[in-house]
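> We have chain U already, so just place chain V on it with the hints.
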Amino acid sequence: MLKTLSIRNAKRQAKNYLIYFITLMVAASLIFGLNSLIFSKDIVFTLENTKAMRYIIGISSVIIVLILAWLIRYMMNFMLKKRSKELSIYMILGIENRSIIRMFLTENLLIGGIALFFGYLGGTFVFYVLKAIVMNLIGIEYSLSFDFSVQAIALTALYFILMYALSAFRSRRTIKKLALRDLLYYEQQNESTGITKNWVAVLVFILSLLCFAAAILLFVKEPLGEGMNFPVGILFIAVFIYCFFTSLPRFVITVLLAGTWRYKGNRIIILRNFTSKLGSMSKTMAFLSVALTISLLLITNGMIAVATYNYRVSLVPFDFSIISENGIANLQEYQNYVNENFDVLEEYVYSIYQSDSSEFTDLNFGFTSYSYMPINSGGFDLCMTYRDYSQLREILGLTPVSLDNNGFIIHSLSYFYDDIEKHSGSNMHIELNGYGLNLMGIYTENFDQYDGFSNGRFFILVVPDYVVSEMDIKYIKYSVMTDNPASYTQYEKLLNEFDTLKSLRSKSGYSNNTGQLEYLDVKMDIQKSNGLLYSTEVLPIWYMALILCIAGVTVLSNNILSEETQHKKQFSLLRSIGYSTRTLDIIILLQLATLFVVPVIPSVILVAFLAPVYTKSFGADVFVPSSELWCNILLVFAIYLLIYLIYYFASYILKRKSTL
Amino acid sequence: MGIMLDVHNIEKYYGNKGNITKALSDITFQVNEGEFISIMGASGSGKTTLLNCISTIDNASAGNICLDGVDITRLKDEELAKFRRENLGFVFQDYNLLDTLTLGENISLSLSVNSVPATEVTERISNIAKKMGIAHLLQKFPWQVSGGEKQRCAFARAVVTNPKLVLADEPTGSLDSVSSQKLLEIMTDMNKNLNSTILLVTHDAFSASYTERILFLKDGRIFNEIIKGEKSRQTFYHEILDVLSLLGGVA
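Protein chains in written order, with the numbering used here: chain U, 1 to 660; chain V, 1001 to 1251.
This is chain U alone, in the form it adopts within the complex:
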């Protein structure tokens, strides 16, 4: 009998907890998709850095298991509350607690099992999409092939078992501890309704806003991670979140529902629903806000990383260069080979010189402030001749610039432009190898300036040709632009053809001085390393953020949809006193909107303030123009809004169906 009941109730729950069920399915799909990716034969063979990827996805998965265990536990508790009456009937009829626990857990396992099954199906699709993306990112040709991993299936099942074991253990304890009397009246229990005195609510609300402002000031004032600003800021945020959500319902009642303002339109119905719902779930809302903030920060983090990595590619205008620190011995042979085997559009050989002093570097425009991107300030500034510079500008399609015999030009990353201009004014003067030179211009077009063996590290001084006559050559570059993009195979052939030539970026996107004399620096290698970074850094971060976000919104959505019978009565009453279906429809939309918007407001404000600070501390703003970074941050908000809107409309449709 209990088994029949259990199956019947699981079926019924699948309808009532549709959003939760879909979230579990999406989570299972993502988990299985990523597990399949790390066990994929094709990826294992092609990705040099799969160890790191496995490690990072493994760690993310542990966090995901904890987040989902929390969600399942929350939902089990929620179902327990909703079905307390039913469970109490079983107890009254004399069914043992043990049997009830078994039945309750069986139902939940059934829901989890079905979600997992569909997760495997969805996950297979996610896997093939991810695999295509990753292989494309790392520059490997993708062809659809059967790729199946028993380990991925087993690991995903293990995660689900862990998630359910964690949550079931706690739910079992809850049910075991529940006395029949508690269960009979369990549904009537709510979270505490927060602050009840009006003046206290207003005070606490103002205090919460002050704490929020203080936290933002602390985050923005100093660089993130220095001093006590960050921990104290977090403390303020914690106080803000607690105070904000416990005082908001009473604050709305005191301030918004006090005057005649409330009588206009449907304000009373919407705001009363808002305050009553918020009053009974302020802790849930606070927790949700924290989850959304973390999720939003993680997505922003990923977006900033993507923007930075992408921008690195655009900073390098040539398709490839051959570099030597000691004259290119085989230059002619390289040129012959390249012209025979590559579709050459432009090619140019030029030298980078080192001056006898580091006068310009020592002015320190922030070049050395990013410890993980040290600039070689070994007592010299890097220079290039005006002839080479003009030639390169022409090849790159940049407008020509002029230079006097006594002048010099600074070409730097755009980030330093303001600093240099501010410092130099209009009459900057430097001494280079005994020649006095005046600044004639600052240019910031993309000019391959971000890495070692590039056209200066962050900047280069362009000087008249005669100035370099006494200077040592730091390195020579033979740079090539191709008409059609060359393939990895072509570059591999080039490297195989000459024993003297080594790949500069064989392992990572940053130049890697291996002690060889001649290096091949391929732009595509940066893209390849970006692919690795996306796979190992960005993908797991987004994976965590997405799960955290959907878990949070699922909790919110279920809470909103939980009082179906009560709302049905309320709406039928409103209809009987003359409200039209259209008006009731609008009321539902607005009621949901108020509840969906509240937890996200603090998150969005906080992230909007934190994102630039974080960007700066990460050093991303050195390479990427702030307009581009803001575009990326806005894109994050847009992605977030989309996920949010999907849940919002799903909740709206379900609520409308159940109440109207």
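Read the hints as simulated data drawn from the structure, not as lab findings.
Below, in silico cross-link-like pairs of lysine-lysine (DSSO-like), each with a Cα-Cα straight-line distance of 30 Å or less:
| no. | chain 1 | residue 1 | chain 2 | residue 2 |
| --- | --- | --- | --- | --- |
| 1 | U | K422 | U | K221 |
| 2 | V | K1182 | V | K1130 |
| 3 | U | K176 | U | K277 |
| 4 | V | K1022 | U | K176 |
| 5 | U | K177 | V | K1164 |
| 6 | U | K657 | V | K1140 |
| 7 | V | K1022 | U | K85 |
| 8 | V | K1164 | U | K176 |
| 9 | V | K1082 | U | K81 |
| 10 | V | K1231 | V | K1164 |
Non-contacting residues of chain V with respect to chain U, defined by C-beta distances greater than 10 Å in every case (computed):
| no. | residue |
| --- | --- |
| 11 | G1002 |
| 12 | D1006 |
| 13 | K1022 |
| 14 | G1104 |
| 15 | T1119 |
| 16 | G1173 |
| 17 | G1229 |
| 18 | H1238 |
| 19 | L1247 |
We put the beta carbon where it would ideally sit given N, CA and C, even for glycine.
Okay, now just chain V, sitting in the frame of chain U:
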């Protein structure tokens, strides 16, 4: 006729150290086998608390409750489920029927949990349903029938296993007068013909007038006790109203 229920010096406290509420104070009474008794009192007088203690839904803070010689205050948690299914039948104001089951299936729950052979279940459901006047509704779901029919189904579920004691908490509280009367007549009939022992908690004088004896509770204590005896139901009803006016009315 033996004593079916023996409630002795029951006390019930709620709250913690700093704030204790005494819900029941020194309650002592007995119920004979086959007796139809009711407990009346205003809201907050402790009648539902007393019923919860007797029905093992709640624990008494002090005192003893014996049902057919078994002291239920000494039963362990694991033993309570078995005790309930074998000895007690419950009826609540809000029916407490499972929405996912038909009326017939709801009644069958009590039999299944008591391991009544499946072949016997249909017959017993059919018999009890006939007595309750819901035989034609057994395939319907709770939301498809009226409140009175739901309550008769709940009563059928409570008595189908022939429990030693049927506990009814405001069973007519949500019903109209016709449905109430019908249910009370069925309860009386079950009491007389099947010798069921029924304990009814109510604040409604009309419902209480169907019972043989009434205990009045006030502030957690037994305030008065009246017995119907040979009086007509009408006379007994007026007597109840007199006691209630002494009590200060019923909320």
